[in-house]
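Peer 1: With the sequences and hints as input, model every part of the structure.
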Amino acid sequence: MASASTSAFSKFLNSPVGPKTIHFWAPAMKWGLVIAGLGDLARPVDQISVKQQLSLAATGLIWTRWSTIITPKNYSLATVNFFVGCTAAYQLARVAMAEKKPEEAKSS
1 MASASTSAFS KFLNSPVGPK TIHFWAPAMK WGLVIAGLGD LARPVDQISV
51 KQQLSLAATG LIWTRWSTII TPKNYSLATV NFFVGCTAAY QLARVAMAEK
101 KPEEAKSS
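Numbering (this note's numbering), first residue to last: 1 to 108.
Keep in mind the hints are simulated off the structure, nothing from the lab.
We put the beta carbon where it would ideally sit given N, CA and C, even for glycine.
Be aware that a few hints might be false.
[To be verified] Derived pair list, reagent style BS3-like, types lysine-lysine, alpha-carbon separation capped at 27 Å: (1) Lys51 - Lys30; (2) Lys73 - Lys20; (3) Lys73 - Lys11; (4) Lys101 - Lys51; (5) Lys11 - Lys30.
[Unchecked claim] The following label-pair restraints were derived from C-beta to C-beta distances: (6) Lys20 - Val45: 22 to 32 Å; (7) Cys86 - Pro44: 12 to 22 Å; (8) Leu54 - Ala26: 20 to 30 Å.
Peer 2: Okay, here's the thing in structure tokens:
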């Protein structure tokens, strides 16, 4: 039983996307962008940078697709980039809704 768990750990350790490679550590560190995006949900809408959120949404979605094309396929990178894109898209939706509210008030 011990050799099975040791070989599974050894297999993970030496995998092409294991902790000995950048393919493991880059997505692990990129979760910081997701955490920062979630933290910005408390930020007032007028303080959100549309250009920054557009670039995060675009790169998040582009890299999500790219992560499934490259060799070795890096699903952890695809996952983190998907969430980067989603948090940025949500922030953009917040800005769009905030800008739409004054227009509705004027037309009433």
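Peer 1: Report the numbers of all earlier hints that the structure fails to satisfy, in ascending order.
Peer 2: 6
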